[in-house]
Each structure stands twice: as structure tokens, then as C-alpha cells.
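S.K.: Here is how the chains run, residue by residue.
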Amino acid sequence: MLILTCPCCGVSAEETEFSNGGEAHLKRFGPGSSDDDFESYMFNRKNPRGVHFERWRHAYGCGKWFIAARCTVTLEVFATYPAQTTEPPADVVKKIKARRSEWEGFA
Amino acid sequence: MSHRLDTGGRLIDRAQKLEFTFNGKRLQGYAGDTLASALMGAGQVLLGRSFKYHRPRGLVASGAEEPNALFGLGEGPRFEPNQRATTTELFAGAKLASQNHWPSLEYDIGAVNNAFARFLTAGFYYKMFIHPRAFWKHVYEPFIRRTAGLGRAPDPETVDADRYEQLYAFADVLVIGGGIAGLAAARAAADAGNRVILCEQAAHWGGRAPVDGVEIDGKGAGDWVEAQLAALRALPNVTLLNRTQGVGVHDHGYVLACQRLADHEPGADKPRQRLWRIRAARIVTATGAIERPLSFAGNDIPGVMLASAMRDYLVNWAVVPGKRVVVVTNNDDAYRSAIALHDAGVTIPAIIDARPDSDGALAQAARARGIRIAAGSAIRKVKGGKRVSGVELCAQDSAGAATAEHIECDAVAMSGGFSPVVHLFSHCGGKLIWDEAGGFFRPDPARPPLGHDGQGFVIAAGSANGAMAASDVLVDAHAAGLSAAGAKETPAPQAKAEPEAPMAPVWMMPARAEYDLRMKMWLDPQNDVKVSDVQLAAREGYESVEHTKRYTTLGMATDQGKISNINGLAILADSLDRPIPQVGTTTFRPPYTPLTMGTIAGEAKGPLFQPLRRTPLYDWHEAHGADWEPVGQWRRPYCFRRAGESRHDAVMREVRQTRESLGLLDASTLGKILVKGPDAARFMDMLYTNMMSTLKPGRCRYGLMCNENGFLMDDGVVARLSEDAFLCHTTSGGADHVHGWMEDWLQCEWWDWKVHTVNLTEQFAQIAIVGPYARKVLEKLGSDIDLGREALPFMEWHEGTLAGMPARIFRISFSGELSYEVAVPAGHGLALWQKLVEAGAEFGVMPYGTEALHIMRAEKGFIMIGDETDGTVIPQDLGLNWAISKKKDDFLGKRGMERTAMVASDRWKLVGLETLDGSVLPHAALAPAEGVNANGQRNTQGRVTSSYHSPTLGKGIALALVARGPERMGEVIEFQGDGGKMVPARIVETCFYDKAGEKQNV
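The listed protein sequences correspond, in order, to chains A and B. Here the first sequence stands for residues 1 to 107, numbered as in my numbering. Here the second sequence stands for residues 108 to 1109, numbered as in my numbering.
Chain A extracted, bound-state conformation (with noise of 0.2 Å):
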């Protein structure tokens, strides 16, 4: 069970408190999108072996989304962040970074 720390109200709490949103960063495609970007919207999700951005929204806390950056093989939290974004902030890039030399940078 992780611990993660909620970026809008301060608190690091139990992943009981938190609810998972899935990838982070997706764009949204509507109405006059292709098929292909729809279907990858829809339903393509990266699923790496090593750094991961996820959605987590403090369900039983402030009721804040924010997003996680976190190891998946070793469950390291690089960082969390207010989900107001459309990618990682500089600052969090360089961080993992710093844990992860080898890392290719957000895509």
C-alpha cells in the first residue's frame, strides 16, 4: 500500500485515502477527431516498466486530483503535482532525472 502525498492540502496519507485515475496527461479528442486518435484516447495506455505518470485524486482528503510520478518497478514517488498541467513541470523532469539517468523524458 503506497503512501502518497497530496499536493493541494499538504497531507501524506495511505492509498486508501487516494483513488487512481489511470494515465496522466492524455488529450482529450471529441467530436472531428479520427478513428485512430479516438480509439488511442479511448483506449491506449502506456504501461512502462520504470517511470509512470499517474491520476490520483485525494478521494477521502481534499477531494483534489493531482498527479503522481512514480517508479513502477521499485514504487519510488519521484514527485506529485496539481493536475492543472498538459505535462510533467520542469521541475519534476528534473528530478526523476536526477533518480534516473536513463530515463528518455516525457512523451
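Any given hint could turn out to be false.
In silico contact screen, one side only, chain B against chain A (beta carbon under 7 Å); selected entries [to be verified]:
{"id": "1", "residue": "Asp358"}
{"id": "2", "residue": "Tyr361"}
{"id": "3", "residue": "His559"}
{"id": "4", "residue": "Asp681"}
{"id": "5", "residue": "Cys807"}
{"id": "6", "residue": "Lys1001"}
{"id": "7", "residue": "Arg1002"}
{"id": "8", "residue": "Gln1048"}
Hint data in this document are derived by calculation from the structure and do not stem from the laboratory. Glycine included, every Cβ here is placed at the ideal spot set by N, Cα and C.
Guided by the hints, dock chain B onto chain A, whose structure is given.
M.R.: Here is chain B on its own, set in the frame of chain A:
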């Protein structure tokens, strides 16, 4: 015979005798005994039968690693199978029953398997039960099911008589294991000011050091342990938990530990077990080491035990396994057992040492006592059936073709060296390294499991870390405690230990044993896996240790191979001609020892299983015959039964009364979510398929919500409160999900939109007043709102007072009748309800429940989320195209609905059904079609989604999804009725009652 000595036993109290029974036989032990020591003291050697061959089984070990001595313990609501005798404390009146035999332990029919052991090799079941195919279902499976499983499951209808609880705890340092290593580590961390929890699986502290007579800091180990405990108890930052098994280390330092509070005093007024859910920054595993058996023929015969376990039984409980004990070993530790037994008066005919020469300090001490040492020797074979009668010797470096010597004895003490208990270190991904000198795997300090901060959070200490001598144990454990606490160096306790000669790896005895011997060498006595089975698996291509485990069942079931693991993989490595570390171990998974289902459930059972949500009217309903139905976490009245009435009768009465006169429904569970802000209208247009931005304040609109797939997710009436505020009514079960859904889009996609959402569901009591007299009864209550037909028309809402209470009155209808829904602050709910009941008396008012609500909406052809929808249905399937805006560029689900499959012409669409004979179709009945699908199943063309007896129409009505349904009006198709009978039904429109909608518009 095993027996109790007249003196000694550091853990027993001879003044307190305890009676117990074993298979109905009355026996006696002492307070402080385990079931195992009590049975041994009472002379009971044969304790059970093995799983596959039903071979006689006796005690092997003295701790959690015991594979054989498992019993059904207790009776009735306290019966539990597979209780380990070695770790279960004796209590007065304990009732033990042995397992895996029929009709009795002494004479077991299943033992016939033993005669066919030559054919029942690894994989036998896989190979044997394939052909003929038809035999599987009727012959093989029933047979295997009857014989499978260890012990007998408790009666499913009997409720456990005991209470269980869970407790959360937090620590800077959690130390698992209360031997000298754990005590030293806990002391080091606690002295540095850390919050420390120390847990120990047994009732007593100190582990094996007091048994071994170790001297620490100039004191006997027992005294040193007492001094440490006193010091730790005096510290406010330390929690000591004995009888507490650390069972699993999970992500980020989450640990489960099970405390046995009343296992040793059943019926005491306290919980039986407590599950500790501990978060620790650092964990020290001081879990000790487990002795390995040696693989020689007949090593499973009752009376063959681990040498260290014999020493435990002798010193702790003053019981010995026999009068003549042969000791066989590849290391010096077994000499300690030989010396202890000899000093207690047991004859040691010989110590059989596989090493070519043996001349360490311990060997010399044995020789000084006149004990014979047979160096370079091996046990060729143990003689005996239900117990040991002797051993045959041969040279270790031989094939064991001939017997060199026969020695009579009634027990054998074996030692194949020790393996650190690495389970807890490994649970969360800690890696192991092979220690060549010790012949064991130990934790690799460079590759521990990592916490959320990327730092290792488990540190192994003492013999769990491979430090086997007491002097090394204390230095290692003290350092582990300091490291876990991040504390500065302090001096470690010092122990004096006899020097030991190096052990020699011996994985088979004799070294080149022939087949007949190898097929009698047990690796796993619980699952009957032998050296020959693992060798066969290797020959058949099972190269991975994980595959070999599954093929042979090595290391499975209750003991999870605690004593068999290393020996098994050493044999596998040898067969594959690979070094042991290359073969590796199987994965260690939690729990270390089995957890009871009771502790996992804790208090979450019965009324506490999940939270119960009650409306403000709950108590009134309860007092007026409510027949409850769960709706999400809510409890709603299904109907209100009167004396002598069936549920069906009550429902019919409620429908009729509501349609003819007046009914009341508690609609408080309906979701009520406020959406407010400058961008509220824009947001509502995205959420709903309808155009909500054009809704005028004061008006209501029925709206649909879809997910991005375009599938219908929720529905309800939206009321526009003001230019910038909407009140969204959702389904009772969907309110929380819908609120979460709104928040998700606002926070993660349109975070620049100025909108707030609040879930107001529980803030309001909501009552539906339904029926021809609805207006009259409201007017009787007195309101400043004009309730006239034109003043408050259908699909409008007004705010004001009703019976002096602040109220919102919505003129909406889910029944087709004249209907108002009144929302008042929750605290006024009961008062309003009572006033309505009082004022409605002259109209014969009745409360109605969810079933009457369902029937009335079905008569009108209104859909119900979860009945007409199942997560694959789009609004168009339900004929709800009118509620989908064509003017909006975008809304959630719009793109999903445009997919090819969603616009296909052959989709199943909603229709009404009338059975030709007036009967009620079974819910979810299917309509078969011609032909079969790719899986050979009959094709179908439709499915019933709602089906009721309509009291209004006096016959069965149904809603169904039917292929091209609306194009087939009037057609008769057959549905599968109860018992396979086909029921013809005519496809009709979805609305059965008042098609023009006049009744709601009066």
C-alpha cells in the same frame, strides 16, 4: 517413546496441569506447553497423515516451519482446521483431531497410495487424468475434489463465535522478531529516541539463545533478555507485542502483524485476534534462521526431527523424542543437541557426521562425554513404519548400495545447516545473495525493498541476515537498530560463543544415492515431494524453479516450504548442473504464516460491513412496516406491508392507490448536485447530451449524461436555479460517482472554467406527492406558492414556503400522474411527511416504495439506469434521440456515439412487450434467434430489461431491447420463460398508459 522428563522445562509450570484430548483420547500437559510439546510429553508420536501417500507423520520442528503437526482444533463455532501444534499454546479442554485419514489415524485406507508411490510421481495427476476426456467431469474431478485440500473446512452455516479487530499503528522503527537480535536492535533504536514497535511470534521472548545457553555481557542469555525487556518496558517510546506474528511486509513500509489475544484462552471476554496494520519508516527483520532437514531415505518416518527442535523441546518443555537418539549432521550445531540430550539422560548411540573429519570444540565436548562420532558417514535408510526403529549406515561418499552398520534407536535428530528467514525481507522486492560458506541465501544489503523516497526500508538483522554465531548476531543486530534509527554508533552487547567448525554442504545422503533410496528421501513431507520427484521434473524440462514448484507441489500449502525450499532447489540445481544461485529461489509472498479470515474481516461484518445511509424519514418507515431494499449504501422501502399482506399484494395496492388517489414517496436519496458559477451553463452543456444553457431559471429539463464512449451513465431532472446555478438531480446510486465525474472534468480538463460543484444530496429531504389529489393536499398544507395548473405548470419549479417550511416545489413526474416533488431542508423532512400523511388522510394517502415506483415508471415507458442500461447502451438505443442536442459542437460522449458500431442499423433498441397470455416474463429473459454464433451458442435477438405485473392494466408488461425493435411493431417473438418454456410476446410501444400524457397535466 517420546516422554516428559521429571525435571526441567523453562517454560512449563508443573503446578498447573491441563487436560486435553487428541482424537478423543484424554491426555495431560502443563501450562506453558504448546500442543506439540504436550503431545510429545504424552507419548504421542504419530500425529497425522501426509497429503498424497497418507504416510504416517510426526513432529519435525518446534516453530512456524512445522509441516506435519496440523490439527483440526476446537468444535462447532470455534472449529478451525490446520492449526500448527508447534505454535499453538495448550489450553484446558483443547480438542485436537488429526487430519488426512480415514477411517482412523492408525488404520488409514488412503495409505494404499503409498503402495503405488512408484507410479504416483511428480505430475502424475496432470498425466493421468487427461484421457478419456469424458471421465474428467464425472469421475476424475469429483474424486480429486473429495481428496484435495488439507484438513476439513469449517461448516459454512456455522458462524465464528469469536470477535476479531484491527488496529492501526505507526512507528519509526518496527522490529519483527523478539530474539536476542530483535531485542538488541529495538534497544539500539529506542535509546536513540525512535518510536519503536517490537513484535515476537511466541508468547515468550528471547528466541533460541536461552536454549543454547549463550552468555551475553557476562550474564546468562535468559537474564540478559529479562534485563533488555525491563529496559524497553521502561521507555515510553516502545511498544512490545508478544504472541504477534509479523506476516507481511508491503509497499512503502506497510506491515501486517497478527496478535493472538485469546487463542490460548478460548471464550475469554476479548477479541480472539487483532490485526495490526503498521506503517513503519524502517523495518528490522530479526526473524532468525530455520534448520534444514537432511535428505536420506526414510527421513519422513515419525521420530525423525530437526536437531535444534529436539533441543528446544528438551530445554523449554522437558520433553524428549525417545530413549535412544541417533544424531546426523553436516555441521557443529547438532552436537549441541547431542550433548544436551546426553546430559539429560538420553542415550546417543552415535553422531553421524557427513564431514570426513570432525574435531571442533563441540565435537571434542561430545567425545569427552563418550559419545561416538561416525565421521564421513551417512544414514543409508531409516527403519520403521509408524515410528523409527533404527538406522542403517553407509559411507557418505557412496551410492549406498550396501549397509555398513545397523543401529537401533527410536528417534533421529537431523541437521542440514540453517537458512536465514528471508521471507519478510523479500516480500516487497528485497533481493538475496548466495552465501557459499554458510550454504544459504541471505538478504543483499545493497538491494533492499525501496520506500516512497527511493531508500531501502528493510534491514535484516542477526541470523536472519546470515550472522549465525551469537557474538556476530548481537553486533549485526545492534548495527541494524542504529542504522534503522539513523543513530550514532554506540557499543554493541557482547556474547561469548563456542567456535564452530565449518559446515559442509550435503544435499543428499549418501552423496550418490541410487534411485530406490532417492524415492524415499522426502524434501517436503507435507506435500509428499521427494528428491526423485524434483529430479524427474528437471528431466522433463522444468528448468525454472517456479515451474518445478508448481509441477511437483514442492513448497506449497500451509507451510510454504519453510524447511524444504533450499533443499529442493539444491537438488534441482544439481540435476540441471547449474550453481544454486543461478537457479534461484521461488518468490516469497505474504503471508509468512496463514492469517485467519476473521482478522482480515475484523469488525467489518454484520451491520458494520459497510456504512448505512438513512434518509430523514428512515425511522418513520421502519415504524410503518417498511420492507427494506438496499440501494447503493442507502436503505429504501421496497414497499410498506400491512398485516396479512404479501409483498406483491402491498405493491399492487400502493400502485392502485397512487394512480387513483394519492401516494407519497421518500425521494430523499435522489442525488442533488449544485453546479454554480459564471461558466456553469457552458459546463452543463458539456456534461449533458441536452442543451442546458437555454433552460430558463424556474424551469426543469430531463437530462442524460454519457461517458466518453457515448454510453448512458446517469439521468435526472435538471432545475435551473438562476442564471449561474443549476441543480442536477441524479440517480440514488449514482450521486457520488456523478459528483466525482464533474470534479474530474473541472479539475483536470477545463480547470480555467469558473464553476463550483457541491453535492447537496443529504442536505435536503425530498418527498414526491403523487396522484390526482396531489395539488389538493399541498394546498391544504398552506403555501405562498400558487400551485394552480397554469401558475406552476409541468416541468417548472418555484421556491417559497409550504406548511411554514422553506421549500422548493418541483412539478415533475416519474409516474405519469399529477405529481410534485418537494425539497425541504433535511431537518424539516419528517415534519413535512407527517403533515402530508395527516392532511392526506381524507384521500386515503399511502406511502409507496421503490417497487411501486418501478412499476409506474415502466407503465409509462420511462427508463431506469441499471435496468434499461448496462454500460453498453447509448441513448439512441432507448429512443431518447430527442434529448440529444444536434446544435452543440461538443459534449461528453458525442464523439463516442459517432463510431460505426453505435450508428449500425441492427442495434438492439427499446420496445414494449405484451405477452399473448398476459403472463409476466422473467427478468432478463432472452429471445432466441436462428442459428448459432462462433462459440456454438444460440443466437439471440432481444433481452427483457424490465418486467412487471401491471395492476393498472391487469397483465404482464415488459420493456426489452430487441434487434431493430422499433421497426418491428406488432410482430410476435418468443422469449425463454421459466423452465425453458417459450413465451410469445408482441412488440408494442414503450408507453403502456396514458400515451397522451394527460394525467400529469391536470
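S.K.: Hint by hint, say whether it matches the structure.
M.R.: Structure-based check of each hint:
1. This hint holds: aspartate 358/B has a C-beta 5 Å from the nearest C-beta of chain A, less than the 7 Å allowed.
2. Checking tyrosine 361/B against chain A: minimum C-beta separation of about 4 Å stays under 7 Å; hint holds.
3. Given the 7 Å rule on beta carbons, the hint for histidine 559/B holds: about 5 Å separates it from the nearest Cβ of chain A.
4. The beta carbon of aspartate 681/B is not positioned within 7 Å of any beta carbon in chain A (closest approach about 32 Å), and the interface hint is therefore violated.
5. Look at cysteine 807/B: its Cβ only gets to about 27 Å from chain A, farther than 7 Å, so that hint breaks.
6. Look at lysine 1001/B: its Cβ gets to within about 5 Å of chain A, closer than 7 Å, so that hint holds up.
7. Look at arginine 1002/B: its Cβ gets to within about 5 Å of chain A, closer than 7 Å, so that hint holds up.
8. For glutamine 1048/B, the interface hint is violated, the least distance from its beta-carbon to any beta-carbon of chain A being 29 Å, above 7 Å.
Checked against the numbered hints listed earlier, the structure breaks hints 4, 5, 8; every other hint is satisfied.
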